[in-house]
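Just so you know, the protein sequences line up as chains S and H, in that order.
Numbering that gives the first Met the number 0 puts the first residue of the first sequence at 0, with every later residue one more than the last.
Numbering that gives the first Met the number 0 puts the first residue of the second sequence at 0, with every later residue one more than the last.
A hint or two may mislead.
You can't tell identical chains apart in this list, so a pair holds if it fits in one copy or across any two.
Within a straight-line C-alpha distance of at most 25 Å, the following computed DMTMM-like cross-link-like pairs (lysine to aspartate or glutamate) qualify [claimed, not checked]:
#1 145 with 198
#2 145 with 201
#3 518 with 31
#4 10 with 463
#5 227 with 409
#6 372 with 398
#7 19 with 398
#8 311 with 522
#9 502 with 452
#10 449 with 2
#11 506 with 35
#12 506 with 443
#13 372 with 443
#14 239 with 183
#15 518 with 443
#16 502 with 398
#17 506 with 31
#18 408 with 296
#19 39 with 63
#20 253 with 124
Everything labelled a hint here was simulated from the structure, so no lab data went into it.
2 protein chains.
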Amino acid sequence: MVEWKNLDTYKAYQNLFETKGKVDLAAVMSGESGAERVSKYCVPMADGLAYNFAAKEVNDDIIEKLADLADEAQLAQKFEELYNGAVINTGEKRLVLHHLTRGQLGNDVIADGVNKGEFYKKQQERIAEFAGKVHAGEIVNENGEKFTTVVQIGIGGSDLGPRAIYLALKNWAAANGMLKMRAEFISNVDPDDAACVLESIDIAHSLFIVVSKSGTTLETLTNELFVKNAIEKEGLDASKHMLAVTSETSPMAKNSDYLAAFFMDDYIGGRYSSSSAVGGAVLSLAFGPEVFARFLDGMAAEDKLSACADPKKNPAMLDALIGVYERNIMGYPITALLPYSQALSRFPAHLQQVDMESNGKSVNRFGEEINYKTGAAFFGEPGTNGQHSFYQLLHQGTDIIPLQFIGFKDSQYNIDVEVEGSTSQTKLNANLAAQMVALACGKDDENPNKRFEGNRPSSVIVGEQLTPEACGALLSHYENKIMFQGFLWNVNSFDQEGVQLGKVLAKRVLAHDTDGALKGFSELLGV
Amino acid sequence: MVEWKNLDTYKAYQNLFETKGKVDLAAVMSGESGAERVSKYCVPMADGLAYNFAAKEVNDDIIEKLADLADEAQLAQKFEELYNGAVINTGEKRLVLHHLTRGQLGNDVIADGVNKGEFYKKQQERIAEFAGKVHAGEIVNENGEKFTTVVQIGIGGSDLGPRAIYLALKNWAAANGMLKMRAEFISNVDPDDAACVLESIDIAHSLFIVVSKSGTTLETLTNELFVKNAIEKEGLDASKHMLAVTSETSPMAKNSDYLAAFFMDDYIGGRYSSSSAVGGAVLSLAFGPEVFARFLDGMAAEDKLSACADPKKNPAMLDALIGVYERNIMGYPITALLPYSQALSRFPAHLQQVDMESNGKSVNRFGEEINYKTGAAFFGEPGTNGQHSFYQLLHQGTDIIPLQFIGFKDSQYNIDVEVEGSTSQTKLNANLAAQMVALACGKDDENPNKRFEGNRPSSVIVGEQLTPEACGALLSHYENKIMFQGFLWNVNSFDQEGVQLGKVLAKRVLAHDTDGALKGFSELLGV
Numbered sequence: 000m001v002e003w004k005n006l007d008t009y010k011a012y013q014n015l016f017e018t019k020g021k022v023d024l025a026a027v028m029s030g031e032s033g034a035e036r037v038s039k040y041c042v043p044m045a046d047g048l049a050y051n052f053a054a055k056e057v058n059d060d061i062i063e064k065l066a067d068l069a070d071e072a073q074l075a076q077k078f079e080e081l082y083n084g085a086v087i088n089t090g091e092k093r094l095v096l097h098h099l100t101r102g103q104l105g106n107d108v109i110a111d112g113v114n115k116g117e118f119y120k121k122q123q124e125r126i127a128e129f130a131g132k133v134h135a136g137e138i139v140n141e142n143g144e145k146f147t148t149v150v151q152i153g154i155g156g157s158d159l160g161p162r163a164i165y166l167a168l169k170n171w172a173a174a175n176g177m178l179k180m181r182a183e184f185i186s187n188v189d190p191d192d193a194a195c196v197l198e199s200i201d202i203a204h205s206l207f208i209v210v211s212k213s214g215t216t217l218e219t220l221t222n223e224l225f226v227k228n229a230i231e232k233e234g235l236d237a238s239k240h241m242l243a244v245t246s247e248t249s250p251m252a253k254n255s256d257y258l259a260a261f262f263m264d265d266y267i268g269g270r271y272s273s274s275s276a277v278g279g280a281v282l283s284l285a286f287g288p289e290v291f292a293r294f295l296d297g298m299a300a301e302d303k304l305s306a307c308a309d310p311k312k313n314p315a316m317l318d319a320l321i322g323v324y325e326r327n328i329m330g331y332p333i334t335a336l337l338p339y340s341q342a343l344s345r346f347p348a349h350l351q352q353v354d355m356e357s358n359g360k361s362v363n364r365f366g367e368e369i370n371y372k373t374g375a376a377f378f379g380e381p382g383t384n385g386q387h388s389f390y391q392l393l394h395q396g397t398d399i400i401p402l403q404f405i406g407f408k409d410s411q412y413n414i415d416v417e418v419e420g421s422t423s424q425t426k427l428n429a430n431l432a433a434q435m436v437a438l439a440c441g442k443d444d445e446n447p448n449k450r451f452e453g454n455r456p457s458s459v460i461v462g463e464q465l466t467p468e469a470c471g472a473l474l475s476h477y478e479n480k481i482m483f484q485g486f487l488w489n490v491n492s493f494d495q496e497g498v499q500l501g502k503v504l505a506k507r508v509l510a511h512d513t514d515g516a517l518k519g520f521s522e523l524l525g526v
Numbered sequence: 000m001v002e003w004k005n006l007d008t009y010k011a012y013q014n015l016f017e018t019k020g021k022v023d024l025a026a027v028m029s030g031e032s033g034a035e036r037v038s039k040y041c042v043p044m045a046d047g048l049a050y051n052f053a054a055k056e057v058n059d060d061i062i063e064k065l066a067d068l069a070d071e072a073q074l075a076q077k078f079e080e081l082y083n084g085a086v087i088n089t090g091e092k093r094l095v096l097h098h099l100t101r102g103q104l105g106n107d108v109i110a111d112g113v114n115k116g117e118f119y120k121k122q123q124e125r126i127a128e129f130a131g132k133v134h135a136g137e138i139v140n141e142n143g144e145k146f147t148t149v150v151q152i153g154i155g156g157s158d159l160g161p162r163a164i165y166l167a168l169k170n171w172a173a174a175n176g177m178l179k180m181r182a183e184f185i186s187n188v189d190p191d192d193a194a195c196v197l198e199s200i201d202i203a204h205s206l207f208i209v210v211s212k213s214g215t216t217l218e219t220l221t222n223e224l225f226v227k228n229a230i231e232k233e234g235l236d237a238s239k240h241m242l243a244v245t246s247e248t249s250p251m252a253k254n255s256d257y258l259a260a261f262f263m264d265d266y267i268g269g270r271y272s273s274s275s276a277v278g279g280a281v282l283s284l285a286f287g288p289e290v291f292a293r294f295l296d297g298m299a300a301e302d303k304l305s306a307c308a309d310p311k312k313n314p315a316m317l318d319a320l321i322g323v324y325e326r327n328i329m330g331y332p333i334t335a336l337l338p339y340s341q342a343l344s345r346f347p348a349h350l351q352q353v354d355m356e357s358n359g360k361s362v363n364r365f366g367e368e369i370n371y372k373t374g375a376a377f378f379g380e381p382g383t384n385g386q387h388s389f390y391q392l393l394h395q396g397t398d399i400i401p402l403q404f405i406g407f408k409d410s411q412y413n414i415d416v417e418v419e420g421s422t423s424q425t426k427l428n429a430n431l432a433a434q435m436v437a438l439a440c441g442k443d444d445e446n447p448n449k450r451f452e453g454n455r456p457s458s459v460i461v462g463e464q465l466t467p468e469a470c471g472a473l474l475s476h477y478e479n480k481i482m483f484q485g486f487l488w489n490v491n492s493f494d495q496e497g498v499q500l501g502k503v504l505a506k507r508v509l510a511h512d513t514d515g516a517l518k519g520f521s522e523l524l525g526v
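So that you can see chain S by itself, here it is in the shape it has in the complex:
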């Protein structure tokens, strides 16, 4: 039986404070000791990926103490409860079942009289069948022509994850002859978002997927109408161009406005829904269902590793523990993700959502205030671009920002050019290696303006190539890392009450029920 306790009640946590500042990163990462750490502090992940934490401010003793914390906090047991169908989302009294969309780690989960694993699988089969017919020209537009473009209309979890994954795999798919349809995304209630996308596509050959679990997301319903107007302006029947991804109980579920509807449910939070029909429909249409299935396989393989109780064999758990060490023992308030892969350009934006929305909480899962820091601010941009942007502060700023890099040995297109004796891909990875050492070791200089203090921690996830499996494994890693951190902080990582007040006040503005500052700002903005 697991016990849900606050982080500061664990003995293993208290034991960690004595280790603070004991690792001189610049020293241990220099010379032979550095080489040793690189080969030793490396945990295999699924699909040939590896998590390397050599350049983090840890040593064997700290890793042991973190393992003690994992044990005392029952991280593995808590995950087991989750995937076996416990009500982990206590605030909303819901199961948390996104892992079931990609594999089954434990028992059958029966909820509302339904085997949920079978339900999710069924939806993916329905999507695969539908996508197959679209690709084969069996489902066509009113002129009997094939659809060439798919547009996802959704916001938050219905947008960021699917968009990030589409961008991550677009080049790979193009290079491997798997790019079946171009995908676009409409999310913002800003009318220029929809107008801009609609201007860039051929509406007559486009399918639109309206994604809203509740069927009531105001941004999404508004953009749905925006798109319908545009379709009808072309003299077309909107219902022949639109699909729905929603829950079976939503107003969108059985509705003749849509060609088809695919289902998710309340046990999958928006930000964890990329592996459900929310990501499945758009990605199966864009790349074919086989590619999406390979993505799910990568997630499932990494989920399996995450179920291991030993953090030294469980990269997501270890990454989570080191992150909590940095946040709560070292006191770093920010973290950044820096993929050395242009294809992962929007991966940080998705994980910013998963991380900050899951663990940006000030009360524990019982609603009690807590006395330690929880989720940190999170941002990221691809390298080497970032090197020419904000890395100045990472190297010489007055705050230390712990980092995580991602790199791949091979590019996706495998088209390259050699300049000054090396390819672009080699230059890319040379820069990544150089940054990690520069940040950790620093460099002295007579001129203090050219001095690098070092001692700036980072880790790296390395893979062979950004394939569908690798992409899935990466996403699973971060989802599970964030889950384990939520367990450690004892927060409910699966609700988001913090977004409610803004919604309530926005409704008041729209109903012209305002006074004071709300009235003032509304008038200022011309509302």
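Since chain S is already given, all that's left is putting chain H on it; use the hints.
Just chain H now, kept in the frame of chain S:
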């Protein structure tokens, strides 16, 4: 004569500490007092924009003390020295002249025997003439056909600013019949970046602008060759498709590889180069030189406001002072920019560069270590998207993150849809107003999970529409804000020594001159 002194030597700075925690933001932003603040704490900007700081943790007393600090720190005089041509970039012993690209605030600046204002103007005239010929079909491809696409090849300052501005004005230009050419950007040394862009364009009808001040930026030269190979693979003469933006002394300046070369110089830092030929060439080709001239007019008008010594009439200076108050008195380590405008989606990424690269420093302009925090980590994404992503942490996380919003009364396309009695644009702005009040005032609740503490400060810049002038005014505001913060922190905001060590180590990796951790990471990454 100005005196360059550390922030903590100013009496006015020390006086600010007694004000810490004296503003109960939730209280003063409630009821009539909130309405009063919204109308009172508002400073006009250029082109109908306004900077509103009602929801910041300040009061009249703090504003007076900040004005004293501005005075004691001689902010206006320092800016005057800068625009009159003093060697403000002490590290590299350079003038800082980006303001001159859009107008002349003070005396003629003569450097290297040249009137620099005239030089920058001349370049813009040359660009305008060239762009005019391209648009008129006088400069055409080898088949005598018009160019339809322009691709910027550059990284950092040669990429982020021009890209952000292109995206900011693309819809406006399309809606107003000013979109002359589609623009694309290649930046990352990751070979998939160039491959992906090249696959998406019609190379035979594309112009490529290679942008590198020194003519030696490795990423950019590598991508130039990548593109040349692709052009030649189509059987075309690359030199008929390529332009250069560089300094007159660079190897790219007089080179038959290019159709034309336009010039900038060492007195314009990369991150401040959007208003020089770096932004001018691509934006004049994309939108026409008249639109770029209007953008520069907006910058010039805002620069003029920034020259005012009274921060209550100088929005960039006031914004800078409030930011330093939040960083150094209140101790907030992060800041975020949240434009309620999808067109500004990459504006935060550009300002992340300008801010973190300029002020992420640990030594003052004399190379002495300083004992206070300088530049904060900076991130941002457009709203309402962010509301469905990381806003949970902004409202209920354990850290306070000071925010700045941006909003416009009108959309760019002016195509809208009414759902439940309001347009999308109205919904967008209703959400913005609601967020500011929710963050400031919070809301009590019996259930602590639904409780909002409030006291989370934000400001907003409001405009009529995101026009070229408004976009220019916005960029100038932030550039000058960051400059004033650099003056306050007494750092050199115009060098970037922190990026050098990584470059040196990357070169060692490429020369196979590695050992220890550098060797380890290189091998791990397949280098």
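Here's how the hints hold up against the structure:
1. 145 with 198: both (20 Å within a copy, 22 Å between copies)
2. 145 with 201: both (12 Å within a copy, 23 Å between copies)
3. 518 with 31: Result: close only across copies, 10 Å inter versus 65 Å intra.
4. 10 with 463: neither (40 Å within a copy, 57 Å between copies)
5. 227 with 409: between (42 Å within a copy, 22 Å between copies)
6. 372 with 398: For residue 372 and residue 398, both the intra-copy (17 Å) and inter-copy (8 Å) Cα distances are at most 25 Å.
7. 19 with 398: both (17 Å within a copy, 21 Å between copies)
8. 311 with 522: So residue 311 and residue 522 pass the 25 Å test across copies only (22 Å; inside, 57 Å).
9. 502 with 452: between (45 Å within a copy, 16 Å between copies)
10. 449 with 2: between (51 Å within a copy, 24 Å between copies)
11. 506 with 35: Between copies, since 23 Å is at most 25 Å while 59 Å is not.
12. 506 with 443: Intra 57 Å, inter 18 Å, cutoff 25 Å: inter-copy only.
13. 372 with 443: For residue 372 and residue 443, the Cα distance is within 25 Å only across copies (21 Å; inside one copy 33 Å).
14. 239 with 183: within (18 Å within a copy, 33 Å between copies)
15. 518 with 443: Classified as between: cross-chain Cα gap 21 Å, same-chain 56 Å, threshold 25 Å.
16. 502 with 398: Close across copies (22 Å), not inside one copy (34 Å); limit 25 Å.
17. 506 with 31: between (62 Å within a copy, 21 Å between copies)
18. 408 with 296: Close inside one copy (21 Å), not across copies (47 Å); limit 25 Å.
19. 39 with 63: So residue 39 and residue 63 pass the 25 Å test inside one copy only (14 Å; across, 57 Å).
20. 253 with 124: within (19 Å within a copy, 61 Å between copies)
Checked against the numbered hints given earlier, this structure breaks only hint 4.
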